[in-house]
Structure formats: C-alpha cells, structure tokens
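A.B. asks: Given next are the chains, with one letter for each unit.
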Amino acid sequence: MSDPNAHVLEMRDVAVHFGGRGGLFGASGQVVKAVNGVDLTIGRGETVALVGESGCGKSTLSNTIVGLQAPVSGSIRVGGEEVVGADRRKLNDIRRHVQMIFQDPALSLDPRSTIGATVGEPLKVRGVAKGAALKQRVGELLTQVGLRAEHADRYPHQFSGGQRQRVVIARALALEPGLVICDEPVSALDVSVRAQILNLLVALQKRTGVSYLFVSHDLSVVRHICDRVVVMYLGRFVEIADRATFFDNPKHPYTRALMSAVPQADPVVQRGKERYVLSGELPSPANIPSGCAFHTRCPLATEICSQVRPELTPRDDGARVACHHA
Amino acid sequence: MSVEPRPLLSVEKLTIEIGGAAVVDDVSFDVAPGRVMALVGESGCGKSLTSYAILGLLPAAAKQTGGRIRLDELELSALSEREFRKARGKDISIIFQEPSASLDPLTTVGSQIAAAYRTHNDVSQAEAYDKARQMLADVGIPDPDRRLHQYPFELSGGMCQRIMISIALICSPRVLVADEPTTALDVTIQAQILDLMKKLVSERGTAIVLITHDMGVVADIADDVAVMYAGRVAEIAGVHSLFAKPQHPYTALLLASVPTLDDLPKADLATIEGRVPTPDEFGAGCRFAGRCPLVTDKCRIEQPPLFDCGDGHRSACWHIDRMHEIVEVAA
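Respectively, the protein sequence lines represent chains A and B. Under my numbering, the residue at position 302 of the first sequence is numbered 302, and the numbers go up by one with no gaps. Position in the second sequence (first residue = 1) + 1000 = my numbering.
Hints listed in this document are in silico derivations from the structure and should not be mistaken for laboratory results. The structure displayed is predicted, hence computed values, not measured ones. Warning: the hint list may mix true and false statements.
[To be verified] As a list, the in silico DSS-like pairs of lysine-lysine whose alpha-carbon atoms are at most 27 Å apart:
#1 A:K90 - A:K130
#2 B:K1131 - B:K1198
#3 A:K206 - B:K1266
#4 B:K1131 - B:K1199
#5 B:K1013 - B:K1298
#6 B:K1245 - A:K273
#7 A:K90 - A:K124
#8 B:K1086 - B:K1063
#9 A:K273 - B:K1090
#10 A:K124 - A:K135
#11 A:K273 - B:K1266
#12 B:K1298 - B:K1245
#13 B:K1063 - B:K1090
#14 B:K1090 - B:K1131
#15 B:K1198 - A:K273
Let the sequences and hints guide you as you build the complete structure.
C.D. replies: Quick look at the structure:
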C-alpha cells in the first residue's frame, strides 16, 4: 500500500441512497437511505464487527467499501487512497487491498473451475505470477488455509461446505489484502465446521496482520473474534465500543435488545436471563421514522426521541452511543 | 426425561433407507403433550428425514424399512396416503424453514389459512375467515382484518412465519413438527417466534418436534433433546442434563465448539476433525468412530447401544466412563 502508516479503512460521513429519480416505471420513487452519515476507521490487524438486522444497511456498507456501490457523499480511504471518485484504473488498483468473503461458499465459487484456477485467478489477472510460480503460490495459499496443494485440480463439488469456505478464504488472501470484509462467513456452515473456520480466520490474522470487517448477527461469534463492535440501525451507527466495554456494559436499548435476543447455548443462562423482547419489526428504510429511528420500537422512548435525532456521543468508558436516554 | 405424562407421539426403532443405506437407523423417541423435543444435528444427520416420516412426507427415494410411528393409538406408519391426508393438518402439522417458499404467492394469506381450516371442517367461508382472523390475533399479528387480505409479498419474513404457524395450528393439531422454524429470521424476530411457540405449547398443550442445528434455540425452548449423528441417535436426555453433563463425545465437542460468553476472545475453539461419513462409508461400528478422540478398536467393530446413564439420560458410546477426557480435550 502507498502509505504504510495509514489506516486500512477510513470512512467519513458516507451516505448511500437508492432511487428517487424516476425509478423503473417513471414514478417518482422514494429515496431509500440505506446508509446515512457513517464514520468508521479500521486499524491494521484489527477486527471490527458490524452488527444489525436485515435491512439495516450493513451489506450496502460492505459493498460500498469494495467499490461495488457508489456513495452519494462522503469519503472512503482504503490504505490512504480515496475510493470515492477514483477512475477505473485507480479503483482497480485500490481494490486489490480489500477483498470479500460471502456467506455461502457454494455461490461464491465457479462450479466449472478447478479450485486451483479459482484461487490463482486474482494472481493471474494482476500479473503477479504465472506458470510454475503461480502453481507454487496457489499451493502455498491452499496449505495456508488447511487444504493441500494437490487439491488444486479438484472442483468445488468435491469439497464439503467448510472446505469450500477455506477455498474462498484462500482466494481472498491471494493478493495479500490489508482488509477482508467477511459477510456472515460462518452462518451457512454446520456448527462443528464453524469453529474450524473461526480458528482459521484468527490464525491467518495473527500470521499476516490482515484486518477484518466482520458482518454478523451472531453476537457470541462476534464476541469471540472481534476487537471492536459497531451496531447499525436503519442506516446509522447507534453504538460503537471496544469488545469488553460493549459486552460488559451495552448501552443503547437496541444493542441490549439484540443481546437479549441471541439465545445462549446454556439452558440455565438462557432461561434465567433478563428478557428484553422488542415489539414490532424493522421499519422500511424508505420511510425512516423521525428523530431517533429506533423510537418506534424502543422501550425507553419519550417525546424528544421522535423529534430530535441523537448524535453519537462519547461516554466515560470510551463507548460512543446515539441515544437520549442511555 | 423425568416424570411425564403418557407420550402422545411415539417414534419406535424408525429406520429409513436410501439406496440400501440406513440414513435413519433405529431412531426412537417419545413426545408428551405440551413438551418440546428437539432433534439436533448437522446437515445429513437424518433429522429432517425423521420429521418427514412423521408427516408421511418421505421423498420417493427414501423408504421406511423398519419401526413404527404412533400418534396416541393411531399408527401413522400404517396409514394409506388417503388416510394420511386426513391426519395431516388436523392431528399433526408442520412448519418449514423458509416461510416465503411455503406460501402461495398468488393467494391472500386469509384465504390460505381459511382453506386449511375448511379442508378438515365443514364450515362456510365466512366462518373459516372468522377463525383465521382469530388465529392471526393469537399469533400476535396486529390489525388482522387488514392482513387477511394481503399477499405474502406484502409481509415481512417474520410475519410470513406467523402466517405459516397460523396455517399449521388452525385445526389445533396435537403435534407440530417445526423444521428449523427460525433459521431464516433475524434474531429479534427469532426471539418473538420462539416466545410464541412457548406460549402455544403452554396454552394449547401442543407437542412440538423441533428440528434445529442451533444449540442456543435448543437451550431456549426444548424440554428434551435427541442429538443425531449420521442417522443415529447419539444421545438423548432432558435439556438441562444434556447441557450440564453431555455423555457422548460428539455432543460434548459440539457444545465446546460453540463460542460462549466465558471464552477467551480469539482463543482456539474446540473443533471436530474430519467430516460426517457418507452413507456408503457407514461401517459396522460407531459412526462417530472416525472422528472421536476416545476411539478404540471396539468402537470400529461394534455398534454401541444407547446406555442408560440415569434419569432418562441415554448415550450410545462404549466409553462413557472416559468422558472426562473429552472435557480436557475441549478445554
């Protein structure tokens, strides 16, 4: 990367909106504010979790970071280089520093390519290696993720789900990116395999110093793997804190509801814990409630919540929370 | 499985074969009214096939070759398809994982619920709609009058799952099979649906067979748990006993591989090496032998029966006396 001291990711006031200009049938569609004024910094070797329900904007945000979606405003720097407004060539150059792993490995692999071809493709496209050197590098990458070099000649259907996710991880690491965005990387896997992949992600980070943006709804996995946690609700961050602070002292009522909703794999803990069940469902991002977007479901809501949007404000323990009452 | 009323649903020595391989092998369990029996296991363990057999919905390639399934005095496995159709929906019902795939996109939800009711009850359309409206209110759908006339695409995933539950329960079946009912839902919605299922169990005395891979869901709602591995029951116990003192190496490792709030962050999680054997790899012995840290020659040769460990806790392992070694491996 150009500046070795820069953060792997620096986002300032990023907003991503959809629609609003006619739409498919010429109607004046509503603007969907999927991401709305978001700041996020990720340091080297850091794992940041992005937590929230479907429709909260976390996938839009991930897509925006890798340049698959253009923001309407704000700045995104990857390794110090500005993504927003970069031309094609520049964008291509930046993209090698940020890679993505998706939920379902079966959908991320070409069934008609050998996994050697799949893992080697980024190296070939970028002209990093070819011929024998390429073959050797692919072998190293496969070994690094716990497969064997001779697996390179096999096809995705010859592997189990966990092994396929290892292939996807090997491909993501081929160009030695500074940041890997992991979008629910273990949700589609069986429980015993999940642990293997989590262990692998941790081990790879220790070895290579890669940073992760870990998109997940599973808070026990998040607590296991992340250094910092960001909670997103309807396009905005509502709480950001270090892992320990976050789990020992969650503040935003939405965070507390999420924590209460994740069932613990222990019947004594699970049945004894304080229940904090939210009523209703996530409002449509096309029609975000006024003031604090969470006030329609919040047990603490008062009049001010429907009128004034709370900003993220720092608390004594370092957490930042957007709530009038927390 | 301490003192409990007479079982309502009884699965005895169920065996299902696909292409000559016993993909469900000698599976037995009972469910009493108002109880939740969880069938837990990874993909391919046979939990879904078991549930389809209860409903008489086995795919054509799968044949029940042994055992029987009884609902009270009614022997389900002896029913003809015609007779089964009378029982399905009325006595025994199912909800699936993906509500949007199970609802008819071209029909209003009200008409789908009413149709389920009229299949088993000779009533007018108006009466069936009244019943449907009441059912929607019971499953916690606000403004049921308006919802009745909406189509599935107009509803969220959580709402659709409530509609599925309404259809499944409108005839007050005594047994509900729930196949991963919350896997496709967000956690806050999952919590609402699990609470709803608990309410139905306690208010209506419905017996639930819950198919899941999520140990958290099991810990939340199950009374009893059968852990399945490669088509067999590895361990069966009351939920508290199972989590507190697992007696099968597979269960113990499975529980240790789930991150908990007490783990050291980024510490290695326990894993189960290798993979589940495919049906053509099933040997004569214990099907977990190839991955088990306690394995001995006996395990590879001879299949362990379910041993009684007291209090209805049973485990199919030759080495229950060495379970403390697993705890050390996992820690």
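A.B. asks: Compare the structure with each hint and give your call.
C.D. replies: Hint check results:
1. A:K90 - A:K130: It holds: about 23 Å lies between the C-alpha atoms, which stays within 27 Å.
2. B:K1131 - B:K1198: 21 Å, holds
3. A:K206 - B:K1266: 10 Å, holds
4. B:K1131 - B:K1199: Roughly 19 Å between the alpha carbons, so the hint for K1131 of chain B and K1199 of chain B holds.
5. B:K1013 - B:K1298: Distance ~23 Å between K1013 of chain B and K1298 of chain B Cα, so the pair holds.
6. B:K1245 - A:K273: 21 Å, holds
7. A:K90 - A:K124: Satisfied, since the Cα-Cα distance of roughly 19 Å is no more than 27 Å.
8. B:K1086 - B:K1063: 21 Å, holds
9. A:K273 - B:K1090: Distance of about 36 Å is beyond 27 Å: violated.
10. A:K124 - A:K135: Distance of about 11 Å is within 27 Å: holds.
11. A:K273 - B:K1266: It holds: about 25 Å lies between the C-alpha atoms, which stays within 27 Å.
12. B:K1298 - B:K1245: 24 Å, holds
13. B:K1063 - B:K1090: 24 Å, holds
14. B:K1090 - B:K1131: 15 Å, holds
15. B:K1198 - A:K273: 16 Å, holds
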